[in-house]
Amino acid sequence: MIGIRNIGGYIPERRDDNFAKAHKYALDRAFIEKKIGIVATARKGDDQCASDMCKLALLDLQKRDSNCLDNVDCICVCTQNGDYQLPQTSAVLHQKLNLPIECAAFDISLGCSGYIYALHIMRGFMLENQFRKGLLFTADPYSTIISDNDKNTDLLFGDAATVTLLTDNPIYEVGKGSFGTFGDKHAALIKRNAEKLFMNGREIFNFVMTYAPILVNQCLANNKVVKEDIDLFLVHQASKYVVEKLAQRISVLPEKMPFCATNYGNTVSSSVPLLLHRYFEDSHYHKLLLCGFGVGLSMSATMLRRL
Amino acid sequence: MSHSLQQEILSIIGKTKEIHMNQLDMFEALSNYGIDSLDMINILFDIQDRYDIEISEASIDNKEWSTVDKILYQLKLRGVCNELTEKELIRE
Numbered sequence: 003m004i005g006i007r008n009i010g011g012y013i014p015e016r017r018d019d020n021f022a023k024a025h026k027y028a029l030d031r032a033f034i035e036k037k038i039g040i041v042a043t044a045r046k047g048d049d050q051c052a053s054d055m056c057k058l059a060l061l062d063l064q065k066r067d068s069n070c071l072d073n074v075d076c077i078c079v080c081t082q083n084g085d086y087q088l089p090q091t092s093a094v095l096h097q098k099l100n101l102p103i104e105c106a107a108f109d110i111s112l113g114c115s116g117y118i119y120a121l122h123i124m125r126g127f128m129l130e131n132q133f134r135k136g137l138l139f140t141a142d143p144y145s146t147i148i149s150d151n152d153k154n155t156d157l158l159f160g161d162a163a164t165v166t167l168l169t170d171n172p173i174y175e176v177g178k179g180s181f182g183t184f185g186d187k188h189a190a191l192i193k194r195n196a197e198k199l200f201m202n203g204r205e206i207f208n209f210v211m212t213y214a215p216i217l218v219n220q221c222l223a224n225n226k227v228v229k230e231d232i233d234l235f236l237v238h239q240a241s242k243y244v245v246e247k248l249a250q251r252i253s254v255l256p257e258k259m260p261f262c263a264t265n266y267g268n269t270v271s272s273s274v275p276l277l278l279h280r281y282f283e284d285s286h287y288h289k290l291l292l293c294g295f296g297v298g299l300s301m302s303a304t305m306l307r308r309l
Numbered sequence: 045m046s047h048s049l050q051q052e053i054l055s056i057i058g059k060t061k062e063i064h065m066n067q068l069d070m071f072e073a074l075s076n077y078g079i080d081s082l083d084m085i086n087i088l089f090d091i092q093d094r095y096d097i098e099i100s101e102a103s104i105d106n107k108e109w110s111t112v113d114k115i116l117y118q119l120k121l122r123g124v125c126n127e128l129t130e131k132e133l134i135r136e
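Taken in order, these protein sequences are the chains called A and B.
At position 165 of the first sequence the residue is numbered 167 (my numbering), and the sequence of numbers has no breaks.
At position 67 of the second sequence the residue is numbered 111 (my numbering), and the sequence of numbers has no breaks.
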């Protein structure tokens, strides 16, 4: 069995203060605090790339598991804002971590649904090749692609990275996944070549509220559990409003579907693993349901079971 | 005016923002009751969901859903309600 052994995270110290931008966007503090729910967005250093952030996430993991880099069979980076157009960021990271040539390295190009996709791809890849240890990184520095004059994105997205250690001696078993793609809505969240990121917030809201509950229910059924069995629903931290409305729509208590991105923002593919990082060491949480949604438009859900 | 449809719309609005029905002027912009852009997205999503209709971005930009009366009128245009809106009744 391949599952999650541990997890590390990195959130840059630098912050953009959303309250300071309230006047520019004609918003009041209450709207930022209670609706968007993000009072500051994390911003990487100007000279930092996705691979640098991944390396810092790994340093955090090493504090929890000093041997996490030993005998790593494969690494994967989930990003859509890698260091270069090519090569793959995982190759750059491979060099930065001094990994051996036997270590496989590949990227996955997905956004907010990416972590769950990548978990399942990594598990399959590792099982297929009888690998025992893999590292799954997420890092999508959106600060490089958002306009600082677009309130739809400027107040939401933050930079961060995570790394998940997958081994044959896991703490969390990964259950059955559920996935969905709405390619006809791909222009709702898009960065065309020379342009900055564009987001149609209303279309994405409608998409999430319509389909995420269906996917979550499908995932529960696939894993033969009911929602009352789930200790925590760790869903993509799009905004406080989205998370709260989704909890209402799925009929889940707000405390079972936390929003924790207040001080760093929507970190795209790092959003769900950062939540997992927060709760990982608390053994009270036996069954977790993970759900991501966004760029594509794409969505994914899976279940984690503590062993 | 279809009383039950009006009640339904008021109830959808009330779910998002606590406003007593008697406080709502049918012709007053909902934004004047403290309903912000995110609340409006939620209200329109609930309306779409409930009546199985599509609301275009352009019609929102044109403020075609900005008051209760306008919402009822838009629903009528889409065949959800065959009766006259209050504004039309007043005109009659």
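Quick caveat, the hints were computed from the structure, so don't treat them as lab data.
In this text, all values refer to a predicted model and were calculated from it rather than measured experimentally.
It cannot be assumed that every hint is accurate.
[Said to hold, decoys possible] Subject to a maximum C-alpha distance of 25 angstroms in a straight line, what follows is the list of computed DSS-like cross-link-like pairs (lysine-lysine):
id, chain 1, residue 1, chain 2, residue 2
1, A, K226, A, K178
2, A, K153, B, K61
3, B, K59, A, K258
4, B, K59, A, K37
5, A, K247, B, K107
6, A, K198, A, K187
7, A, K36, A, K242
8, B, K107, A, K229
9, B, K120, B, K107
10, A, K153, B, K120
[As the list claims (entries may be wrong)] Interface residues of chain B toward chain A, partial, derived using beta-carbon atoms under 8 angstroms:
id, residue
11, L82
12, I85
13, F89
14, Q92
15, D96
16, E101
[Said to hold, decoys possible] If we take Cβ atoms under 8 angstroms as the criterion, some of the chain A residues that face chain B in the derived model are:
id, residue
17, R31
18, F33
19, Y243
20, K247
C-beta atoms are modelled at their ideal positions from N, C-alpha and C, and glycine is treated no differently.
Taking each numbered hint in turn, which are not upheld by the structure, reported in ascending numerical order? 8, 10, 15, 17
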